Structure formats: structure tokens, C-alpha cells
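Can you build the whole structure from these sequences, using the hints too?
The sequence shown begins at 408 in the working numbering and counts up by one.
Treat the hints with caution; some may be incorrect.
[As the list claims (entries may be wrong)] Here are the simulated lysine-lysine pairs, DSS-like style, with alpha carbons at most 27 angstroms apart:
no. : residue 1 : residue 2
1   : K770      : K596
2   : K770      : K578
3   : K578      : K560
Rather than coming from a laboratory, the hints here were simulated on the basis of the structure.
Remember, it's a predicted structure, so these values are computed and weren't measured experimentally.
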Amino acid sequence: MTKPKAPKKSGNRKPSKASGEAPGRHVRATDIAGYGKLALDATLGVVDMMGVMHRKIVDTPGVLESPLLKAVSEAADLVLGGIRDVAHSTREGVDRLVKDIAPDIAQMQSSAQREAVVSAFNGVVGDHLASSSNPLTITMRLRQNGQALELSKPALQAMTATTAAAPISGKILLLVHGSCMNDLQWMRKNHDHGAALAAAHGFTAVYLHYNSGLHISSNGRQLASLLQELVHAWPTAVQELVIVAHSMGGLVSRSACHYAQQTGLDWLSHLSRMVFLGTPHHGAPLERGGNWVTILLEAMPSTSTYAGLAKIRSSGVTDLRHGSLLDEDWAEGDRFAHSTDLPGFVALPAHVKCYAVGAVFNKELDNLGATVLGDGMVPLNSALGRHADPQRCLDIPDTHQATFYGLNHLDLLNHPDVFAQLQRWLVES
Numbered sequence: 408m409t410k411p412k413a414p415k416k417s418g419n420r421k422p423s424k425a426s427g428e429a430p431g432r433h434v435r436a437t438d439i440a441g442y443g444k445l446a447l448d449a450t451l452g453v454v455d456m457m458g459v460m461h462r463k464i465v466d467t468p469g470v471l472e473s474p475l476l477k478a479v480s481e482a483a484d485l486v487l488g489g490i491r492d493v494a495h496s497t498r499e500g501v502d503r504l505v506k507d508i509a510p511d512i513a514q515m516q517s518s519a520q521r522e523a524v525v526s527a528f529n530g531v532v533g534d535h536l537a538s539s540s541n542p543l544t545i546t547m548r549l550r551q552n553g554q555a556l557e558l559s560k561p562a563l564q565a566m567t568a569t570t571a572a573a574p575i576s577g578k579i580l581l582l583v584h585g586s587c588m589n590d591l592q593w594m595r596k597n598h599d600h601g602a603a604l605a606a607a608h609g610f611t612a613v614y615l616h617y618n619s620g621l622h623i624s625s626n627g628r629q630l631a632s633l634l635q636e637l638v639h640a641w642p643t644a645v646q647e648l649v650i651v652a653h654s655m656g657g658l659v660s661r662s663a664c665h666y667a668q669q670t671g672l673d674w675l676s677h678l679s680r681m682v683f684l685g686t687p688h689h690g691a692p693l694e695r696g697g698n699w700v701t702i703l704l705e706a707m708p709s710t711s712t713y714a715g716l717a718k719i720r721s722s723g724v725t726d727l728r729h730g731s732l733l734d735e736d737w738a739e740g741d742r743f744a745h746s747t748d749l750p751g752f753v754a755l756p757a758h759v760k761c762y763a764v765g766a767v768f769n770k771e772l773d774n775l776g777a778t779v780l781g782d783g784m785v786p787l788n789s790a791l792g793r794h795a796d797p798q799r800c801l802d803i804p805d806t807h808q809a810t811f812y813g814l815n816h817l818d819l820l821n822h823p824d825v826f827a828q829l830q831r832w833l834v835e836s
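In C-alpha cells:
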């Protein structure tokens, strides 16, 4: 497939320090403290794992009958306990440091490189970062050019007046990024779907920034509340809301629609279209592979201690196993346990026109590409909402589906053919 020239960069996204087009801070003092906390947590995890291994050895019949081995065992307990005490004390000191310096650093500019690293950590261990109050934790926000939007009419009017190339529109375009990514990464190879669509079709683009390591349903609930605030604070009458979501972002958006409908939030009535780019509606095989690694390690006594290493996957990542959108999918039970149960089925909003884009890494489609490989991350059938069980199919019309060959998961963010398809869908009646 010959790739046409990429569309020119355009729209209401101006260069900014946060987008990496001007120097920003690659590392903050709180980042160092955050990475330090993460390293200490890892140290404690390793010490605990060594303790389990030690106990298994000690509990082996006959081991402690030797006075020498008994002395070695007691010494090992002492050393491991000492390491654990030092790590805990150091962690408490880091917590105090973070508390002292965080308020002074919150408003500092950030570089695109820093944002990318922090987003990746949030994707992999974001639930742990949040539960341990780590300063690397991303708080869900709506942003433009990497700057958080204050959700009040005067603030939104002032913000858009300084960052937008055109007056604020009643047509809102929300961009929702995928796992381990951030809102700035919609800009790829000098093209940003949001900015380009805004310029061509009169939208005002707004970008969601969130911790992709949290459960999809947790992010869905937060997004539902945030969109309610946004619509009610929008400085002009809202004509329509359109969501374009990449990868996990599509699952978060669907979850938000579900909880908005469940709680009677009126922003949902403004939502006219949702476009899913490589969204794993029915899960991704990479996470299912990780789940089997955990199961196999736990099944053998000689390797069960190491199963904890395979469990270093966030709640958001494990939700990708089958595309879990609801609290009840994970509220009870072990998220690492093997189960044949599928998550609760969530239909697409009846009044919303939904579109799905899938890609196949190979130049032609075969069964492997449709069911396993797809774009390298998401199988084609999952991206298009197809399922072997007719009751779980999303029933997206064929005319609302598009498949691209020779593209990978990230190419969906910038390929000109994908952008052209988005334009056609957004203008159809």
C-alpha cells in the first residue's frame, strides 16, 4: 500500500511548552521522589518474595535439623527484616518530602518527553501509584495544548481565546487517548486528528488526560462526571459532542456513556457520534497471554513465588483481557485468576452514531489477523465489535466500519487514509 502524503498540521492546537514544541521540564523534583517511592515499593516487593522463598526452604522437612542451617536461617530473617525496616523508614521520609515540595511544583511546565514517561508508568502501575499517593499519579483532566481546563464559563472562554485559532464553537470534539499514552500523543508525525478535524469542520477540540492504569469503569465514571461539568460550563450553547477515541480510550468512553445513562447525566443527549480507532471492544490477546503466564507460574511449586512478577500489571491492563467496562466485572474476585466468565455486556448508546476503525498489520487479511494479530495490539474482530456470540456483537453497521491494511496500532493516529475516513463520517447526515 502506497502511503499518500500526510495532511498538513492545522487547527486550534498551537505550539506550547507542554506539547514539546518549546523547552519544558523533563524531570521535576516530585518525579524523582515518585520514582524513588516506586523503587522502594519494588524493593519491599522483592524482599517479601525472598521471604516467601526462604520460608518454603525452611519449611522443608529436615532443613532446620542442622545447627548451621538453623543459624543461617535466623541470620537471613534478620537481614530481610533489616532491609524491610530501612525501606519503610526511607519511604516515610520520601512521603514527607513530597508533601513539602509538591505545592510549589504543581504549576511547572512539563515537556512532552516527561509526559510520555509518566503516562507509560501510569499505564503499567497506575493503580498502585494512585493507592500509594505517588506524585507520578495522573489526575483525570480535560486539556488543550497540555494545559488543564478550568471548568467554568469565564475560564473556558479565556482559555480558548488564547489557545484556539478560531472562536469557541458549540461543536465539541473530545479526543480520548489509549493505554500508557497521553493527550499530547495525538500529535504524531506532524498530524493531530483533533486539531485537523477542528479546523476543517468547525469543532473546538478538547483532550482527555487520564491515568490509564485505573480500572476502565473507574475512569468511565470520572469521565461521565467531567463531561457533565464541561457541558454545563461551556461558554456557548452546545450543539453537539463528538468523541474520537483510540484503543482503551474507546472502552473508557463507552463506560462513561453507560454510567451517564445510569445516573441521568444530560451531557449524553448532546453526544451525536463516537469513533473508535483500534479499540479492543472484546479484549486483547496480549493481556490474555499475561494471564496464562501468571496461571502457569502459580501452578508449579518451584515457580509459584515468581507469579508475583507476572502480576505487575495494572487494573487497566487486566481489564483489557476481555474489554471490561463495569465495576461489577472486577469488584468481587481476583482479577489475575483464570475465569471463563465474560464481562457484562454494554450496548452502544442507541441514539449515537458509532463508527469503528480496525487495522491489519499485514497487507492482506487472514484468520490470524482477524482473531489474533490485527494491528499488532488489537485483533480486527475485536476492533470492529464482532464476536462469535451474536448476543455480544456491537452491531456497528458495515458502512460505519473501516479496515486498513499494512498499518499498526499507532498508525491509526496519523495515517492520511484514516483521517480522510474520519472526515467522511463526521459530515455524513
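Status of each hint after checking the structure:
Proximity of K770 to K596 is assessed by CA-CA distance (about 22 angstroms); at most 27 angstroms being required, the pair is judged to hold. Annotation: proposed proximity of K770 to K578 is violated, straight-line Cα distance about 37 angstroms (limit 27 angstroms). For the hint pairing K578 with K560, the CA-to-CA distance comes to about 16 angstroms; that is within 27 angstroms, so the pair holds.
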